[in-house]
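Going line by line, the protein sequences match chains A, B and C. The numbering of the first sequence is the working numbering, which starts it at 4 and goes up by one. The numbering of the second sequence is the working numbering, which starts it at 4 and goes up by one. The numbering of the third sequence is the working numbering, which starts it at 4 and goes up by one.
It should be emphasised that the hints constitute simulated quantities derived from the structure, not laboratory data. For every residue, glycine included, the Cβ atom is placed at its ideal position computed from N, Cα and C. Heads up, a few of these hints could be off.
Cut-off 27 Å, straight-line C-alpha distance, at most; resulting in silico cross-link-like pairs (BS3-like, lysine-lysine) [said to hold, decoys possible]:
1. Lys-9(A) / Lys-215(B)
2. Lys-202(C) / Lys-215(A)
3. Lys-201(C) / Lys-215(C)
4. Lys-5(A) / Lys-24(B)
5. Lys-215(A) / Lys-215(B)
6. Lys-215(C) / Lys-9(B)
7. Lys-9(C) / Lys-24(C)
8. Lys-9(C) / Lys-24(B)
9. Lys-215(B) / Lys-24(A)
10. Lys-9(C) / Lys-5(A)
11. Lys-202(B) / Lys-215(C)
12. Lys-5(C) / Lys-24(B)
13. Lys-202(A) / Lys-202(B)
14. Lys-226(B) / Lys-168(A)
15. Lys-215(B) / Lys-226(C)
16. Lys-226(C) / Lys-256(C)
17. Lys-9(A) / Lys-226(B)
18. Lys-215(C) / Lys-215(B)
19. Lys-9(B) / Lys-9(C)
20. Lys-202(A) / Lys-122(A)
Distance windows between CB atoms, simulated [what the hints assert, rightly or not]:
21. Asn-16(C) / Gly-20(A): 29 to 39 Å
22. Gly-204(C) / Ser-162(B): 25 to 35 Å
23. Ser-61(C) / Ile-216(A): 44 to 54 Å
24. Glu-246(B) / Arg-66(A): 25 to 35 Å
Part of the chain A face toward chain C, derived, beta carbon under 10 Å [what the hints assert, rightly or not]:
25. Lys-5
26. Asn-238
27. Lys-255
Take a look at the letters that make up each chain.
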Amino acid sequence: MKFNNKNISLGLNVTLGNNVKIGDNVTIYDNVTIGDNTIICNNCIIGEPLGDYYFDESYQNPRTFIGENSLIRSHTIIYANNEIGDHFSTGHRVTIRENCVIGSNCRVGTLSDLQGNLKIGEYSWLHSNVHVGQGTEIGNFVFVYPYVIFTNDPHPPSSYIVGSKIGDYTQIAVSSVILPGVEIGSNCLIGASTLVSKKIGNNKLVVGNPGKIIGDVESIISKETGLSHYPWPYNFKRGMPWEDIGYDKWLKKQDYDK
Amino acid sequence: MKFNNKNISLGLNVTLGNNVKIGDNVTIYDNVTIGDNTIICNNCIIGEPLGDYYFDESYQNPRTFIGENSLIRSHTIIYANNEIGDHFSTGHRVTIRENCVIGSNCRVGTLSDLQGNLKIGEYSWLHSNVHVGQGTEIGNFVFVYPYVIFTNDPHPPSSYIVGSKIGDYTQIAVSSVILPGVEIGSNCLIGASTLVSKKIGNNKLVVGNPGKIIGDVESIISKETGLSHYPWPYNFKRGMPWEDIGYDKWLKKQDYDK
Amino acid sequence: MKFNNKNISLGLNVTLGNNVKIGDNVTIYDNVTIGDNTIICNNCIIGEPLGDYYFDESYQNPRTFIGENSLIRSHTIIYANNEIGDHFSTGHRVTIRENCVIGSNCRVGTLSDLQGNLKIGEYSWLHSNVHVGQGTEIGNFVFVYPYVIFTNDPHPPSSYIVGSKIGDYTQIAVSSVILPGVEIGSNCLIGASTLVSKKIGNNKLVVGNPGKIIGDVESIISKETGLSHYPWPYNFKRGMPWEDIGYDKWLKKQDYDK
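With the rest of the complex left out, here is chain A (with noise of 0.2 Å):
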């Protein structure tokens, strides 16, 4: 069946690359730009206008950007005036406001929710179900899992919006809750249903609700290998730069590339 070209909207100065492919019931608003070999599934709308569209006659549609080798998968709303890189990947219905910037290689799972004005970096999978709010900043190589909550409101409701920081390689398993404005490290591992409510150094183990540190995540042995699982780099490489080289090869070629 594939891609029949049915039911489709385009608006003006939309930029479609090379072989990009799209799915029936699309629609894509103005000024939106599309890289080569980009796959958009079924019932997506790409380049969603910002509110001012219902209200404002002379609106104009900002400029939104979508990578090379992207897959949105079906019934994904992307807004327009964001900017996001090549091999990006999204699961189904996800929802992305505007004023977003997201690098490269980065998955964003099923029935996600990223309310906009927010940056990731390269490299990160949000999974299924995660809430990313205004403000946020998440590094690279940060996985979040199913039904994280990134909170900005101190004192809700508020008009003073302050986003938390995510440190490069941490991961942030299922259900927990990063309250307002929290610098979470580098390489941390936060359990599942944690509430993180304090600045977290690197490397840190943290579960409960209240969120406190246990340990360093180098203790967590693998019920796998009953060897040490972090930092986990060095053992799992799936999707990730490192995957033909391993981690080591590869920090080094990065150290030689600066």
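Assemble the complex: chain A is given as a structure, and chains B and C must be docked to it using the hints.
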């Protein structure tokens, strides 16, 4: 691009006010009334029929009302037999089951799931992904943050359903759970990831799993201003009816109008 | 309005039973079989192809079965290579990834996200927004309430996936998290917002973060009747196979039929 009237299905006895706009791929079932200036965005379903529709040849869709100046964002499903006030707005992919009564100036965020048979007052804002069980009663100026759940079955599974009741001005932070039949007073703040299992009076600050009252909200000092933030209507006005005159004057005017 | 056969896409080798009804804007991909009297509501995608579809020209969609007398509510996505029993029903916007085996008379609520490679027995009901990780095995008559998460990776990220296993009749209340590989016995009640981290025997009541066994379910007294509510099949029959004859008689009949 705006409104192209493309692939729209309208049932019988659909009454659209002046200047109503309807996006692409929208289905509106029988006996729906939509007020002036309301906007229904792409891919919405309005007046979704109740279960009997599929099995009873003589099924008649009950009436559905959506007020004036409302904005129903894309992929939202609103069942039949709902009564929704003016200046209503939804995020994307909202689901509102039958028999809800929702006052004016309410907002329901992306992915929220209202299970039907419930009441919401005026100016109450449900953010993304709020789950409201049947029988819940939410007052006026209540703000509910992402992934909050209002439950209703004390001994699951049973047929004894008892909703919770939330007083005016109360704020319920992310990922909290309100147990069946719990009453929460007015002006409370329920902290993030709190499990509320008992009746809570007015002005209380409640945190933890299980939730404990740890003080009055007046004791909470704003990190931004260094002053007490609650009662919040003195410090937050955006979208509120006291936006132009301040909360004190508005309160006096309310008394006067009575 | 009912079924207009408007904007429907059918792939090759789609087999529809007698009296199957298909809503507007539905896409059914290749090699899908749907049983008699089943209803597919608006905007659903059935037989959603696996990832190779987009990159492999010789991709063949695996077969997908949905049983008789099922009701698939609008905006639901069911991947290819699923085997789903009779009398199945979904809420809206459900996502079911590939390689699930789901028995007869199951229900999966609005926004639930089944990640594939999992098993669910008969008469099990997942309410709204349940997240089921790969490798999970859910027994018969298991009810799972909103925002429950079944996890599967003990040391994220890893390639060592170990699902949890849930015994017959067990009830898992809202917002609970089941950690990877955890086995929960039959007839348990897991309270709201519980983090289940260890093996749980039969008939246990578990609450808290971390979850603790605080007694047997038989000790729970119904607020409505003043009597013990569990084992619940003696006190709840709607939709259950003992609805007409009572649980005791049905149990005896089961033994007899063996």
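*asked:* So if I understand the rule, the pair passes when the alpha-carbon distance is 27 Å or less; does Lys-215(B) with Lys-24(A) pass?
replied: violated (54 Å)
*Consistency of beta-carbon spacing, Ser-162(B) to Gly-204(C), with hint 25 to 35 Å*: Roughly 28 Å apart at Cβ, these two residues keep to the hinted range, so it holds.
*Taking only the CA atoms, is the gap from Lys-201(C) to Lys-215(C) under or equal to 27 Å?*
holds (9 Å)
*Does the Cβ distance between Asn-16(C) and Gly-20(A) fall inside 29 to 39 Å?*
With a Cβ separation near 33 Å, Asn-16(C) and Gly-20(A) satisfy 29 to 39 Å, so the hint holds.
*Straight-line Cα separation of Lys-215(B) and Lys-226(C) no greater than 27 Å?*
Holds. Lys-215(B) to Lys-226(C) sits at ~23 Å (cutoff 27 Å).
_Does Lys-202(B) sit within 27 Å of Lys-202(A), going by the straight-line distance between their CA atoms?_
Distance of about 33 Å is beyond 27 Å: violated.
_For a C-alpha distance cap of 27 Å, please report whether Lys-215(C) and Lys-9(B) respect it._
violated (56 Å)
*For the hint on Lys-5(A), just tell me whether its beta-carbon gets within less than 10 Å of chain C.*
At 8 Å from the nearest chain C Cβ, Lys-5(A) passes the 10 Å test, so the hint holds.
*Has the given pair, Lys-202(B) with Lys-215(C), been kept, meaning a C-alpha gap of at most 27 Å?*
holds (24 Å)
_With the threshold set at 27 Å, check whether the alpha-carbon distance from Lys-226(C) to Lys-256(C) stays at or below it._
Distance ~31 Å between Lys-226(C) and Lys-256(C) Cα, so the pair is violated.
*Given the hint that Lys-202(A) pairs with Lys-122(A), test it: the Cα-Cα distance must not exceed 27 Å.*
holds (19 Å)
*Hint check: is the beta carbon of Lys-255(A) less than 10 Å from a beta carbon of chain C?*
Violated, because the Cβ-Cβ distance from Lys-255(A) to chain C comes to roughly 22 Å (cut-off 10 Å).
Violation of the numbered hints given earlier is confined to hints 1, 4, 6, 9, 13, 16, 17, 27; the remaining hints are satisfied by the structure.
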